[in-house]
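S.K.: Residues per chain, in single letters:
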Amino acid sequence: MIRKLCRFLIYFFLIGILVFMLFPILYAFFGSFKSVEEFLQGGAQIIPRVWRYQNYIEAFSKVNFGIYTFNSVVFSLASVVGILITTTMTGYILARKVFVGKKLMLSSFGAALFLTGATTLFPVVIICKHLGLLNSLWGMIIVQIAWSQPMYSILAMGYCSGISKSLDESAMLDGCSSFQIYWRVIMPIMKPINATIALLSFREAWNAFMLPLAFTLTKPNLRTLAVGIVNLKDGGGEGVSSWNLMIAGTMISILPMIIVYLTMNRYFLSGLSEGAVKG
Amino acid sequence: MNKLMKPDGSGSAASKVSKTHLGDYLMIAPTGVLFIVFGFLPILYILGYSFTEYNGFSDPKWVGLLNYWRCFQDIGWWQTVINTVEFGLLIPLLQIPLALVIAVILNGKIRGKNFFRVTYFLPNITSSAVMGIIFYFMFATDNGIANAILKTLHLISANIDWFSNEWVAKWIIVLFRLWFGIGFYMVLFLAALQRLPLDIYESAQIDGANTFVTFTKITLPMLGDLFKVITALSILDAMKLFDSIKAITNGAPAGKTEVMTMYIYRYFFEGGGGGSVVAQEGYASAVSIIATIIVAAVALLYMNFTKNEADETGG
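Chains A and B are the protein sequences, given in the same order.
Counting with our numbering, you get residues 1 to 279 for the letters of the first sequence.
Counting with our numbering, you get residues 1 to 315 for the letters of the second sequence.
Quick caveat, the hints were computed from the structure, so don't treat them as lab data.
Backbone N, C-alpha and C define an ideal beta-carbon position, used for all residues, glycine too.
Treat the hints loosely; a few may be bogus.
[As the list claims (entries may be wrong)] Here are the computed distance ranges between Cβ atoms for each label pair:
id: 1; chain 1: A; residue 1: Val100; chain 2: B; residue 2: Ala252; range: 45 to 55 Å
id: 2; chain 1: A; residue 1: Leu131; chain 2: B; residue 2: Thr152; range: 53 to 63 Å
id: 3; chain 1: B; residue 1: Asp59; chain 2: A; residue 2: Gln41; range: 54 to 64 Å
id: 4; chain 1: B; residue 1: Glu166; chain 2: A; residue 2: Gly110; range: 30 to 40 Å
id: 5; chain 1: A; residue 1: His130; chain 2: B; residue 2: Trp69; range: 22 to 32 Å
id: 6; chain 1: B; residue 1: Phe72; chain 2: A; residue 2: Pro192; range: 44 to 54 Å
id: 7; chain 1: A; residue 1: Ser164; chain 2: B; residue 2: Ile36; range: 27 to 37 Å
id: 8; chain 1: A; residue 1: Ile57; chain 2: B; residue 2: Leu300; range: 49 to 59 Å
Sequences are here, hints too, so could you generate the full structure?
M.R.: So, in structure tokens, the structure goes:
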């Protein structure tokens with residue numbers, strides 16, 4: 001009897017949390033189809049009385065969400081490619097070699113945890129200005145890649161240390177250089193961790209906010225979706241009258257990520273836990 | 001496995017493998033250069049700026065420790081420090097126990113546990129800036145769904161102005177961070193739990209230990225270090241909040257929910273508000289350094305504190 005009650009309470013608790021987790025997303029999803037009048041009337045009804053698909057069309061035609069989406073896609077994809085190439089090489093070398101400055105590299109990766117993005121953002125913008133990287137998405141992309149180095153290099157290092165060294169040795173005897181071993185032998189084995197790095201870093205770049213915000217203060221055409229949406233809220237335009245477009249924008253920004261996650265969730269979850277245990 | 005391999009693999013081929021060549025340095029060069037240019041160099045910049053008066057355009061003017069002194073005297077700054085520490089305590093205090101309990105439950109025999117895991121993690125893949133806006137909508141005074149539901153249930157008669165009260169606004173931010181982060185910490189705890197040896201649980205079960213006793217006497221002590229690391233991550237995360245608060249309250253009411261990162265950002269990029277449009281990079285740099293020291297101090301204090309505790313209980 002008590003056991004049954006316990007089980008009931010546990011499921012009750014789990015389902016309660018489930019509702020809490022899903023509610024805001026469903027609220028945004030259904031809200032994105034409401035007319036601005038219905039949205040502003042408030043009311044406890046979540047599902048729209050009249051489904052208004054035009055919100056999405058207007059988000060693209062009226063508020064530049066087309067450009068924002070394009071910027072988000074380019075920013076995220078380029079960041080992921082850069083992060084994948086650099087961190088897997090570093091992870092491989094960290095796992096296999098002893099080199100000058102290895103300890104320093106690892107401990108400064110750790111120290112980077114204490115830095116908040118806000119503290120170094122301004123000098124980073126200045127450095128990008130000197131390098132002439134401010135007038136395109138490239139500045140943001142390179143900084144995003146740079147800031148992701150510690151976490152993903154360590155993730156890749158953890159995975160590489162788990163790969164048997166005998167593979168390297170036989171390739172070595174065949175006369176392969178480190179890079180050739182990495183590229184021909186190790187990379188194919190690293191596919192699962194590569195998928196994880198790609199997905200996690202894509203999620204980070206797609207959702208990045210402070211970095212693109214600071215880089216696009218005076219350049220509206222380089223804004224990403226997250227920046228564009230928040231900017232709309234803080235009175236950048238028609239204010240209240242564009243709530244329906246803003247909420248359609250939130251959906252444009254989170255739906256692609258949700259779909260990617262739901263189809264590949266095992267890479268997200270297993271990758272994170274692997275990184276946690278090894279890190 | 002790895003440890004067993006090492007002694008056998010220390011032959012000539014292995015030492016050749018771990019020998020470093022120029023090519024190896026070229027392979028870590030991109031990471032090294034990126035890290036130095038965009039991670040290390042900026043710290044030198046703010047160290048330098050922090051002793052100057054600098055508006056981003058004209059030449060920096062040396063002012064010694066004036067910026068630091070000004071920061072120590074600014075009540076507005078200490079308000080944001082207090083807010084940051086409050087979030088750094090409140091959020092982990094709720095997030096960690098909840099995530100741990102959920103992880104323990106979902107590590108057991110539960111129907112549909114995979115479904116629960118996937119759904120609980122879902123908020124974490126969304127953007128905290130964008131979903132912060134949704135929370136802002138939900139708690140909007142005249143047309144938010146929170147007031148509408150309370151009205152339908154006849155719990156309130158007039159709309160509550162949620163963001164006009166400092167503490168209500170703070171709790172909404174905490175609620176948002178719980179929504180966003182529980183799944184993440186649940187995944188970390190699940191990973192930690194899955195490393196615990198099963199046979200201890202079996203013998204505990206034979207000895208007739210109930211779930212509660214097993215949890216407090218076996219699970220918690222054995223998590224030990226990992227529990228500490230995960231909690232430290234949660235504290236650091238809560239003290240670095242920016243996106244969420246910027247999107248939900250943007251500091252309202254009257255800067256009462258502003259945190260250190262937002263204060264720093266404001267002085268670096270928005271001239272600190274208050275009518276001034278000239279950025280104050282020197283001052284912001286000094287504040288950045290103080291903020292970094294505060295974050296590191298809190299994290300190290302926590303690690304140190306729990307370390308002593310563990311030593312004592314360990315005998």
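S.K.: The structure should be examined with respect to each hint, and the outcome stated for every one.
M.R.: To see whether the hints hold, each was checked on the structure:
1. A:Val100 <-> B:Ala252: 45 to 55 Å: About 51 Å separates the Cβ atoms of Val100 (chain A) and Ala252 (chain B), which means 45 to 55 Å holds.
2. A:Leu131 <-> B:Thr152: 53 to 63 Å: Holds, at about 57 Å.
3. B:Asp59 <-> A:Gln41: 54 to 64 Å: holds (56 Å)
4. B:Glu166 <-> A:Gly110: 30 to 40 Å: holds (35 Å)
5. A:His130 <-> B:Trp69: 22 to 32 Å: Given range 22 to 32 Å: holds, Cβ gap about 30 Å.
6. B:Phe72 <-> A:Pro192: 44 to 54 Å: holds (51 Å)
7. A:Ser164 <-> B:Ile36: 27 to 37 Å: Since the Cβ atoms of Ser164 (chain A) and Ile36 (chain B) sit about 33 Å apart, the hinted range of 27 to 37 Å holds.
8. A:Ile57 <-> B:Leu300: 49 to 59 Å: Check passed, 53 Å falls within 49 to 59 Å.
Every hint, counting from the list given before, is met by this structure.
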